[in-house]
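Chemist: Construct all of the structure, not just a fragment, from the sequences and the given hints.
Chains A and B, in that order, are what the protein sequence lines are.
Using our numbering, read the first sequence as starting at 1 and increasing by one per residue.
Using our numbering, read the second sequence as starting at 1 and increasing by one per residue.
Hints should not be assumed to be uniformly reliable.
In silico DSS-like cross-links for lysine-lysine, where the CA-CA straight-line distance does not exceed 27 Å [as the list claims (entries may be wrong)]:
#1 Lys25/B / Lys36/B
#2 Lys269/B / Lys298/B
#3 Lys224/A / Lys298/B
#4 Lys132/B / Lys71/B
#5 Lys150/B / Lys132/B
#6 Lys150/B / Lys281/B
#7 Lys247/B / Lys281/B
#8 Lys139/A / Lys150/B
#9 Lys298/B / Lys247/B
#10 Lys224/A / Lys281/B
#11 Lys224/A / Lys269/B
#12 Lys224/A / Lys150/B
#13 Lys224/A / Lys132/B
#14 Lys139/A / Lys30/B
#15 Lys240/B / Lys298/B
#16 Lys269/B / Lys240/B
#17 Lys269/B / Lys132/B
#18 Lys298/B / Lys150/B
By construction, these hints were calculated from the structure, which means they are not laboratory data.
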Amino acid sequence: MQLLAQHGFGNGGKIESGLDEGLLDGVIFGAKDISPERLSVRLEQLANDYPQSVRLLDPQFYASLIASQPGARLGSLVGDNSHPYFEARRRRDLERDTQVDQDIMNTLGYQRGLPVSAFISPNIVIRRSFDSIEGTIAKTFLRSASDAISIEGDGRPLYSTLAISAAALNDRIELQNFLQEITEMENPPEGFYLLLEKIDSSIASSLTEPDILSRWMLINHTLKMNGFQVINGYTDALSPYLAAAGADAVATGWYNTQKSFSLRKFEPVPEFARRPVQRYTSVALLKSIRYTELNDLRDSFPEVMNELSFDDRYDPDEGSAPDSTTSEALQNWEAINAMNGLAVQGDVSTSLENCRNALDRAEEIYVRIQGYGLTMRDRSSAAHIDLIRDELAAFEELAEI
Amino acid sequence: MPANPFTPDVLSAAFPELSGFGHIKSGTFKTVHSVKTSCGRDEVLKIIRLPQDSGTDAARAFREQELGRAKRETALLADLDSPYVVRLGMVSPSIIDLGGENCVAYTEELLPGRDLEAVIADRIQPDEADVKLLLSALVHAIQALWTRHKTVHRDIKPANIFATGLQDRPYVLLDFGIAYNVDEPGLTVNPSHIPHTPLYMAPEMLDPNFRESLSYRADLYAAGVTTFEFATGGIHPLAKTGDSLAKTYTRVLHQEPARLATIRTDLTKNLTALIDQLMKKNPALRPGNLSLILTQLK
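Modeler: Laid out in structure tokens, this is it:
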């Protein structure tokens, strides 16, 4: 089970530190947040310094459908010094197979010149329904990418982007038919780069709607059963459940926009984002909490602490605030690795049981915290526990386990 | 009700290049005889009775359906090149009048051994290697059907598999009469009729719109059920004998199959898990990468 850094704005050496500390297996660069020159240099450095690392580029082509919106936030995807494959597209453009083929060739051709360890193909987000024009376009991207790699490829593996909005998962039958179809492709890729788009507007990094996590797990499980490698982007604290379902790799970053996937980060926004309050990821609670909450809890409930090496970056004498955003990122990666390790042992059934046991332990701690009179903020509360329990049960039913 | 076999006299007159006619079995429309060809080779003569044209549209359509199926079956067999699929014999398919009945007739190779149904009836549990041989042969046959021909057999079951005892083709798939090419127009006259054998039918085939998404995974399901039955010495993963058709359909759709590992504790976990996975209700959960399955079975 690999953990990758989901690159985004404000790296500041976090990825290199994560690799140095053995917390990360690699990185998925986000094209928006790095210029072509800088990307090339960074990839070269990583290839030299960490030759075994996973080095991927998310081309973020899915932003092409909103690229023509005034005020769209596209960073290095557009402008004079931009990645050359990216263009604004309308849906009608992509209804033509020739346009899709061309975009794929351009995107893969660009990656061929970079020391990435594998290719990631472009795609759009299926935002409403698998049985839609968007669904059809997405399937065209999937099929054509595999064909194109035979021309543009050089032996490095291909991961096809499969980006789905949570809303599209509502129809179980459509999802199952879609999965059947893509797992019967004549010329399949080695794996999938799976993205699940949040539909609510909260900043919380977990997907809290019913029937979302279970179906995301089903996609992982089905693809894995069919011999594909599965890399999940933007997973953060949901990582252990996806890992239990069969994911090969998960990725998360340091800001909220790198912890859950949403096209909103490309869309125009009138307001300025506030700097987030720093957090501590607790393995025992299966969740991150504010550093101030950590400070309130750590003496009375020491089990909230992970007893891992980056705990000491949250100094009680400093009110348990982490000493830097890099430390916060490293602590999060360290905790997610620990959670994944607890979850994934043996087969899927055993891993799910491990997850359930971890949820029981977390619930027991939350009950004691509540009994002590401490109230956790919404994003730190026990609200996830019952939901995830239900989702694990729903996944078991869907996967016929 | 099985049709009456043709007499050797009728057959000799129609097929002067064949001799030694021996009746093997008869179905509603199909009759099977063992024969010797003029080259001295033992083959099987298959005769499919075509419905008589009584002049009504329905009768004509039914006759066209049966004729079309026979043509497709033989064209498919002629083009398939797999040791795990029965081969056509000396007599090419043709429409022929036999004792006043319109029929399609052709020959296939005569395989040594006996059908898997008879083997299973011995109630002997095979060893792991033999279970793998059977499943591997079926997956090879499914791959041959699908990869080039986009065809689903739709009737994989013990009675349609021959256990030959041959080293290079220990199990051979027979009877492609209801095979369905997903790229060709359907032949079935009655849209509500699904040709199948209920206990081996993939659950998705009970969906009225099953043809839209039908794929080789329906055959993988039947291969899983068949292999399970073989491995357990005759225990069907779903059925109790004597169930009504409606009850059987309910089981196919909703009942969780028995887990092979609970019955054959001596088989490796990888093999029992693979066979169990082939019997999942949701086709997408059945492993779709045929080459990968074959690798796992080595």
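Chemist: For every hint, state whether the structure bears it out.
Modeler: Verification of the supplied hints:
no.: 1; hint: Lys25/B / Lys36/B; verdict: holds, 17 Å
no.: 2; hint: Lys269/B / Lys298/B; verdict: holds, 15 Å
no.: 3; hint: Lys224/A / Lys298/B; verdict: holds, 20 Å
no.: 4; hint: Lys132/B / Lys71/B; verdict: violated, 33 Å
no.: 5; hint: Lys150/B / Lys132/B; verdict: holds, 25 Å
no.: 6; hint: Lys150/B / Lys281/B; verdict: holds, 21 Å
no.: 7; hint: Lys247/B / Lys281/B; verdict: holds, 16 Å
no.: 8; hint: Lys139/A / Lys150/B; verdict: holds, 20 Å
no.: 9; hint: Lys298/B / Lys247/B; verdict: violated, 37 Å
no.: 10; hint: Lys224/A / Lys281/B; verdict: holds, 17 Å
no.: 11; hint: Lys224/A / Lys269/B; verdict: holds, 18 Å
no.: 12; hint: Lys224/A / Lys150/B; verdict: holds, 24 Å
no.: 13; hint: Lys224/A / Lys132/B; verdict: holds, 22 Å
no.: 14; hint: Lys139/A / Lys30/B; verdict: violated, 43 Å
no.: 15; hint: Lys240/B / Lys298/B; verdict: violated, 33 Å
no.: 16; hint: Lys269/B / Lys240/B; verdict: holds, 26 Å
no.: 17; hint: Lys269/B / Lys132/B; verdict: holds, 13 Å
no.: 18; hint: Lys298/B / Lys150/B; verdict: holds, 25 Å
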